[in-house]
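Chemist: Residues per chain, in single letters:
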Amino acid sequence: DTGVSQNPRHKITKRGQNVTFRCDPISEHNRLYWYRQTLGQGPEFLTYFQNEAQLEKSRLLSDRFSAERPKGSFSTLEIQRTEQGDSAMYLCASSLGWDGRNYGYTFGSGTRLTVV
Amino acid sequence: SQELEQSPQSLIVQEGKNLTINCTSSKTLYGLYWYKQKYGEGLIFLMMLQKGGEEKSHEKITAKLDEKKQQSSLHITASQPSHAGIYLCGAPNTGTASKLTFGTGTRLQVTL
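The listed protein sequences derive, respectively, from chains D and F.
Going letter by letter, the first sequence gives residues 1 to 116 in this note's numbering.
Going letter by letter, the second sequence gives residues 1 to 112 in this note's numbering.
A couple of the hints might just be wrong.
What the hints assert, rightly or not - The calculated label-pair distances, taken between Cβ atoms and stated as ranges, are:
id	chain 1	residue 1	chain 2	residue 2	range
1	F	28	D	13	36 to 44 Å
2	D	7	F	77	31 to 39 Å
3	D	7	F	104	21 to 29 Å
4	F	50	D	52	27 to 35 Å
5	F	77	D	2	43 to 51 Å
6	D	20	F	112	40 to 48 Å
To be verified - Far from chain D, some chain F residues (derived; all Cβ distances over 12 Å):
id	residue
7	12
8	14
9	43
10	62
11	64
12	78
13	86
14	90
15	100
16	111
If you are wondering where the hints come from, they were derived from the structure by calculation, not from laboratory data.
We put the beta carbon where it would ideally sit given N, CA and C, even for glycine.
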């Protein structure tokens, strides 16, 4: 297993365009998380899936953002009508969770989005 | 909501010196994760602490969790240039350990 994989690594887009990022978690992990990180800050939670169910969404996730995890495997994060304030690093993490515990909380290398 | 405060915000140490980074939570800690991040890259897992008083070591890095003080510390012995980067602490918000709340990070530079 090669860990958590994110694509693309970098994305430059014009304001108003839609973008989609992909995350492939560690295969045996049932939980998948999306975070956003801006310069000089720690990652901020966006949303979380357990298998294919989206169990929690942050207030940071405006209606322009949507995330899916069909079949409980890979996940996509789409941003519609991008704004300059969306420029950030988008990080995906996965873990194996049961009995109220999390194991192997592993992050991908992130997708850096620049909106021009 | 839970907040994690890291200190110091940045640190410059000479190679070979020891250093400590602290992470203090505004709420009860249900465990604590430490990660390292190189600029522009993803987070690399260092250690997870689950119980009060727990201490873990990996190579020259040791982390401790003090549940009563709602605090964790990360200690690096005999620092090397390879230790340079941003150190982040993250804590699960509840006992079910879903999302993590992160501190703002400590930027470490190691000079020769």
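Chemist: Give a verdict on every hint.
Modeler: Status of each hint after checking the structure:
At roughly 41 Å, the beta-carbon separation of residue 28/F and residue 13/D lies within the given 36 to 44 Å, and the hint holds. A C-beta distance of roughly 38 Å is found between residue 7/D and residue 77/F, which places it inside the suggested range of 31 to 39 Å. Range check, residue 7/D to residue 104/F: about 28 Å between beta-carbon atoms, so the 21 to 29 Å window is met. At roughly 28 Å, the beta-carbon separation of residue 50/F and residue 52/D lies within the given 27 to 35 Å, and the hint holds.
A beta carbon spacing of about 31 Å between residue 77/F and residue 2/D contradicts the range 43 to 51 Å that was offered as a hint. Taking 40 to 48 Å as the suggested C-beta distance range, the pair residue 20/D and residue 112/F conforms, at roughly 44 Å. With a least beta-carbon separation of about 17 Å from chain D, residue 12/F lies farther than 12 Å from that chain, consistent with its non-interface assignment. Every CB of chain D lies more than 12 Å from the CB of residue 14/F, the least distance being 25 Å, so the non-interface label holds.
With a cut of 12 Å on Cβ distances, residue 43/F falls inside the contact zone with chain D, its closest approach being about 4 Å. For residue 62/F, the shortest C-beta to C-beta distance to chain D comes to about 20 Å, beyond the 12 Å cut-off, and the non-interface label holds. At roughly 19 Å, the least C-beta separation between residue 64/F and chain D is larger than 12 Å, which holds for a residue marked as non-interface. The Cβ of residue 78/F sits about 27 Å from the closest Cβ of chain D, beyond the 12 Å cut-off, so the non-interface label holds.
With a least CB separation of 9 Å from chain D, residue 86/F falls inside the 12 Å interface cut-off, contrary to its annotation. A cut-off of 12 Å between C-beta atoms contradicts the statement that residue 90/F is not in contact with chain D; the least separation is 7 Å. At roughly 7 Å, the least C-beta separation between residue 100/F and chain D is not larger than 12 Å, which violates its mark as non-interface. A cut-off of 12 Å between C-beta atoms confirms that residue 111/F is not in contact with chain D; the least separation is 21 Å.
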